[in-house]
Amino acid sequence: MIEFILNDRKIRTDKPSGLPLLDFIRYEQSLTGTKIGCREGDCGACNVLVGHLQDGQMKYLPITSCLTPIGNVQGKQVVTVEGLNMEDLSPVQQYMVDEAGTQCGFCTVGFIVSLTGYCLSHSTPDYKAAIAAIDGNICRCTGYKSIERAARHITNALAGKDTRETVDWLVERKFIPPYFKEIPNMLQTIGAENGGQKNGVLVGGGTDLYVQKHDQLLDREVDLVANHPNWRFITIKNGVCTLGGATTVTDVQESDALQTLFPRLTQHLKLVASSPIRNISTLAGNFVNASPIGDLTAFFLALNAKIELTEDDKSRTIFLKDFYKGYKDLDKTKGENITAISFIIPPANSHFNLEKVSKRIHLDIASVNTAAQIIVESGVIADAHISAGGVGPTPIYLKDTCAFLMGKPLTPELIRAAIDVLQSEISPISDVRGSENYKRLLLRQLFYAHFIKLFPNQISLEVLA
Amino acid sequence: MADINKKKIVLPLAPNEEFGSVKHLNTKKIKLPHGIPGHNLTEIEREVSADEPPALAVNDQLSVVGKRTKRIDAIYKVTGAAKYTSDIQLPGMLYGKFLRSPHPHAKIKSIDVSAAERHRGVHAVHILSVEPGGAVQRDNGHDAPAETYHVDKLPVLRYVGQPIAGVAAISDKVAREAVQLIKVEYETLPFVVDLDEAMKKGAPLVFEEKVEQQQTGGDVGGEAGAGQQGNLRGPSIGSFYGGPRGDVDQGFNESDIVVEGEFRTQVQTHCALETHGIVADWQTNMLTIYASTQSTKSVRNDLAELFDLPLSKVRVITEYMGGGFGAKFGAGHFGVMAVVLSKKSGHPVKLMLDRKEEQTTAGNRPNSQQMLKIGVKKDGTLQAIDLTSYGTAGIGLGAGVGRVAQDMYTCSNFRMAQYDVFTHAGPGAAFRAPGNVQGCFALEQLIDEIAEKLNLDPLAYRDKIDQSEIRKVERKKGAEKFGWKRKQPGSDSGVVKKGIGVAQGHWPRIIHVDSSATVRINKGGSVEIMSGVQDIGTGTKTILAQVVAEELGLKAEDITVKIGDTTYPDGPGSGGSVTAGSITPAARNAAYQAKMQLLGQVAGGWQVEIADLDMEKGEIFAKSDTSKRMSFVDATKKMRTNQIMATASRPDDYGGFEVGNAIGYDRLGSVQFAEVSVDTETGVIKVDRVVAAHSCGRPLNPLQIESQINGGVIMGVGYALYEDRIMDKETGYMVNANLDQYKLPYSKEIPHIENIIIEQYGAHSSTDASGIGEPANVATAAAIANAVYNAIGVRIYELPMTPDKVLAALQVI
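Top to bottom, those sequences are chains E and F. Counted from 1, the first sequence has number 157 at position 54 by our numbering; the numbering is strictly sequential. Counted from 1, the second sequence has number 336 at position 332 by our numbering; the numbering is strictly sequential.
Misleading hints may appear alongside valid ones.
Derived EDC-like pairs (lysine to aspartate or glutamate); straight-line CA-CA distance at most 16 Å [to be verified]:
| no. | chain 1 | residue 1 | chain 2 | residue 2 |
| --- | --- | --- | --- | --- |
| 1 | E | Lys316 | F | Asp358 |
| 2 | F | Lys177 | E | Glu275 |
| 3 | F | Lys752 | E | Asp229 |
| 4 | F | Lys752 | E | Asp467 |
| 5 | E | Lys277 | E | Asp191 |
| 6 | F | Lys87 | E | Glu185 |
| 7 | F | Lys74 | E | Asp201 |
| 8 | E | Lys437 | E | Asp467 |
| 9 | E | Lys316 | F | Glu323 |
| 10 | F | Lys33 | F | Asp55 |
| 11 | F | Lys809 | E | Glu539 |
| 12 | F | Lys733 | E | Asp534 |
| 13 | E | Lys502 | E | Asp523 |
| 14 | F | Lys71 | E | Asp318 |
| 15 | F | Lys566 | F | Glu323 |
| 16 | F | Lys360 | E | Asp318 |
Listed next, with one range per pair, are the computed distances between beta-carbon atoms [claimed, not checked]:
| no. | chain 1 | residue 1 | chain 2 | residue 2 | range |
| --- | --- | --- | --- | --- | --- |
| 17 | F | Val816 | E | Lys340 | 44 to 50 Å |
| 18 | E | Ala262 | F | Gly498 | 37 to 43 Å |
| 19 | E | Lys113 | F | Arg124 | 52 to 58 Å |
| 20 | F | Ala85 | E | Asp117 | 27 to 33 Å |
| 21 | E | Ser530 | F | Gly498 | 29 to 35 Å |
| 22 | E | Ser530 | F | Ile730 | 19 to 25 Å |
| 23 | E | Ala262 | F | Gly350 | 57 to 63 Å |
| 24 | F | Gly350 | E | Arg276 | 49 to 55 Å |
| 25 | F | Lys559 | E | Ser133 | 56 to 62 Å |
| 26 | F | Glu266 | E | Gly438 | 53 to 59 Å |
Note that these hints are calculated values from the structure, not bench results. Beta carbons are placed, not taken as given, at the ideal position from N, Cα and C, and that holds for glycine.
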């Protein structure tokens with residue numbers, strides 16, 4: 104039995120936990136405001152907000168309901184556009200009307216939901232954040248300009264927003280209906296546990312699994328990593344940072360500890376998927392997916408991270424770089440799950456950088472990506488961990504290149520000379536993301552970019568070119 | 005059932021030759037605004053039917069028309085109340101699903117549907133003997149969808165995704181399970197999906213026999229009856245603008261400079277947010293259809309003919325629809341299947357395509373290879389233009405590159421040969437300014453190149469060779485807003501180089517005279533307008549309300565707009581930017597005629613002449629005696645009948661059509677300016693800014709027009725940089741049949757856009773309005789390409805301009 108709140112109503116259902124939330128909303132509840140655009144998490148027409156209690160406050164995140172098994176909303180509140188409607192239009196709805204932010208209207212509800220999610224966030228209103236909030240919504244009619252104007256008005260209307268008692272503040276100004284204030288009490292009466300059976304297919308965020316195997320999952324029980332709270336954490340202890348396998352990209356992005364360690368973390372992660380996808384996709388999912396171009400994989404490979412693989416009560420820990428044996432071939436038994444990722448906190452003199460090039464800057468699978476963690480002491484490279492994606496059958500830890508760099512003085516000549524080593528340990532193929540030559544060139548440029556960005560005093564484009 | 009092979013669907017572009025222009029019993033002479041305010045506005049006298057309303061003043065003298073008016077249906081869209089076809093839920097409704105071809109080219113040796121029929125929850129299974137409906141080629145000698153299974157009639161499969169059979173079941177899931185249970189034995193055959201490969205001698209043939217043209221909705225390309233050799237069909241050597249002109253070879257001989265280039269454009273898919281789909285409800289007395297369509301009447305006409313029903317027994321409803329961009333005309337193979345399954349099962353059947361089906365089977369903008377050569381005199385005069393093009397619309401037709409080379413600039417010697425090339429891929433369909441978008445990418449780059457060779461500014465050069473007064477104004481105003489300052493190509497230092505570029509485009513002014521509307525004034529003052537025309541997101545509902553409100557002295561929100569239902573008088577199909585120009589004069593004329601009836605009653609009461617009465621700000625008053633005044637609402641309360649109703653159709657253009665009975669020559673011009681940044685290390689192009697100057701006759705609602713222009717520009721950005729249907733040559737599959745790997749622009753890729761709308765009067769009709777959908781999209785990719793050249797000093801001849809192509813052009817890979 105799954106229990107959650109749909110808008111203002113308590114839902115109890117015996118539907119299988121693998122049923123996509125979208126199907127439940129549209130077919131079981133006949134709420135057709137939530138649309139089916141692509142069923143693959145790319146268009147945002149099915150976006151809904153999912154709210155849960157965190158530190159006594161409601162926290163709302165937009166997610167793509169097509170990729171979310173219903174079991175994942177156990178004990179939470181789901182908000183569809185119908186749950187935002189009041190007697191009058193909310194300011195979000197009104198500004199979209201005023202600025203002609205809707206044309207055919209099919210995508211519109213998704214935008215309304217995403218923008219309301221932006222209003223509900225506990226951060227200070229900021230136009231850029233409003234645009235980021237709709238980064239997973241496709242509109243094929245308006246050219247987004249009218250939606251941008253609406254986003255500006257909405258941001259202005261949020262001036263002075265109470266970032267603590269946000270719900271109250273928004274209810275008072277009729278951004279959301281009054282019933283939102285009752286939700287924390289209602290949620291208290293529902294358990295956050297359950298929602299899936301431990302023997303079902305293990306589903307992380309589902310952001311790839313539900314694209315590939317939607318048919319096989321919709322009438323099955325699934326075992327949701329969301330129901331393993333012990334798999335979702337970020338801790339720093341004894342110079343080691345450990346993250347649970349079920350930690351989402353958004354969790355990483357919002358972690359103060361990680362932001363301190365990686366000042367450009369937000370910029371890096373903005374290049375990964377869209378907000379609704381980042382809100383549900385997990386680290387373990389990204390690793391196990393074994394895409395040769397996984398952005399997070401490249402990130403953690405350069406931290407020389409280790410992963411903990413657990414089956415029942417047996418665990419073992421291996422380096423992430425040793426996890427990949429071949430294309431989608433992993434050092435993992437069927438029963439094993441990635442329960443934790445850990446890396447040694449880079450020393451203060453360490454430098455970290457991530458580069459990615461794709462056809463479209465945002466929301467695109469990289470043609471090539473690479474990350475680097477480098478320590479230079481007295482002008483000599485004391486430590487180097489560099490990864491590359493999209494240039495072989497697996498995400499690659501460039502061990503030969505790293506070995507070549509180690510212990511040598513950081514000079515333009517060294518960086519140039521490293522290119523030969525680098526080219527010898529990759530094997531890109533020509534595909535939709537570019538030709539082999541293009542990818543080889545790109546990795547060279549991005550390899551240069553690491554050093555130009557991290558050591559601007561020693562390395563510049565002019566001296567490398 | 006009728007033979008669909010004999011069926012002719014009237015093309016919106018085809019002039020109606022049945023009758024010439026219409027004669028009128030009584031005519032009158034009226035003076036109408038003509039020209040561009042602030043530039044060359046004047047008045048022109050036209051002789052029009054005596055039924056026509058008086059001339060509408062220029063916009064700044066009006067109260068509703070021409071004003072930024074919010075969409076009257078936006079409230080239903082922002083609240084999720086708007087019901088689209090995919091939201092329709094009828095009692096007992098079943099879900100339809102297709103079995104589609106897994107092979108790009110195959111014959112069906114046998115097919116066994118018995119297990120699918122026995123599957124629990126399945127109500128009907130149907131095998132297609134042909135693929136009817138939509139822009140799809142059929143096999144010769146095949147009949148309409150057969151009710152029974154004839155193995156000898158099974159069609160050849162010619163692309164991955166071609167429908168074979170359909171299933172109706174109690175749920176989407178059960179239908180999908182049943183599809184899996186259909187056993188088919190295939191005999192696979194060699195195939196070709198690549199344009200160049202398909203043209204080679206000995207390439208696998210897509211069609212053995214000569215193909216007769218069957219198309220819907222505005223495709224442009226190879227003409228019917230053209231030659232066919234191998235997979236090559238054509239050439240088309242003319243368009244509705246005429247055939248070849250002058251002597252091209254001599255023109256080149258007399259040229260001082262000759263420029264030429266081979267340009268390539270990719271296959272683009274429409275990606276409307278709502279996929280194609282239909283809900284069919286077959287009842288003995290009526291077939292009711294809910295369709296996501298750009299033309300309710302085209303769906304009705306297709307189905308009435310295919311199922312041998314009178315037009316009166318088919319009702320098509322499209323209250324809201326989630327975008328079309330040219331691909332949603334006619335019943336479609338899914339529509340026909342849904343009707344068959346509904347008829348067989350006795351239940352309503354919903355059949356919505358999924359995104360993969362949408363990407364592979366529901367239409368696309370064909371690709372092109374264009375060899376364009378232009379000769380000019382030293383003074384810049386165009387001497388000769390020669391265009392040869394090849395393109396593939398898969399198994400369909402219509403892969404031409406439009407008419408811009410033929411028609412945008414003055415050149416007395418012109419020759420073209422446009423070929424369709426068949427490949428084993430899903431059919432093309434009309435797509436926002438079919439042909440012209442592809443053609444503009446080539447033409448406008450070469451014009452830019454000529455200007456450079458002549459050492460002329462690209463704008464100054466166009467001033468010289470372009471006769472269009474509208475575009476002249478657009479260039480001037482656009483350049484001012486853009487801050488146009490020519491700079492040397494590739495002159496920026498640094499890794500990221502900036503560049504600016506300009507390109508222009510056009511689209512003919514096309515009118516459908518089969519566009520009618522009824523206006524009804526009810527006792528109590530409510531007013532309705534009713535028409536079969538549909539609002540596909542462009543804002544048709546709102547402009548209809550505006551036009552009626554203006555005529556009746558009311559506000560747009562006072563008008564109830566009931567459209568998208570064939571119960572009402574037929575409206576135009578919404579494609580080719582025809583809607584506003586076709587339906588708004590009918591709406592205004594109907595409103596005017598209803599108004600005259602009401603005023604007639606008031607005049608009788610007040611003992612004045614009708615001509616002495618007018619309506620304004622919700623009141624009726626006598627011009628000669630201002631004490632005679634009554635609110636519109638009160639006047640309607642005294643009506644003799646409960647309702648006053650008038651129906652009008654689109655008359656011929658005032659002064660007659662220039663081509664046939666449909667086309668006007670004063671082109672819907674556009675000039676677009678682009679500024680780009682090109683990263684010469686990674687090859688990534690970023691569009692920073694676009695200024696888009698456009699005209700669409702009388703602008704009815706600038707708020708909506710701007711949005712249409714912005715949408716066209718962004719679709720052009722996608723076409724220029726990201727979008728590309730990629731076919732796997734080894735398997736014949738589309739590699740990126742989704743919205744993940746098929747790249748559309750998202751909110752973070754959007755440049756700064758500024759619009760200029762030129763108000764322009766041509767005195768063509770009682771509203772003098774035109775559409776804006778197509779022109780908005782024509783010039784963008786070419787403007788970006790010219791800007792990229794200006795940035796890096798090297799031209800890119802192929803779309804999309806992806807990073808690897810930029811680096812290849814820079815010769816670093």
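Contradicted hints - numbers only
Hints 2, 8, 9, 14, 19, 25 are the ones this structure does not satisfy, whereas the remaining hints hold.
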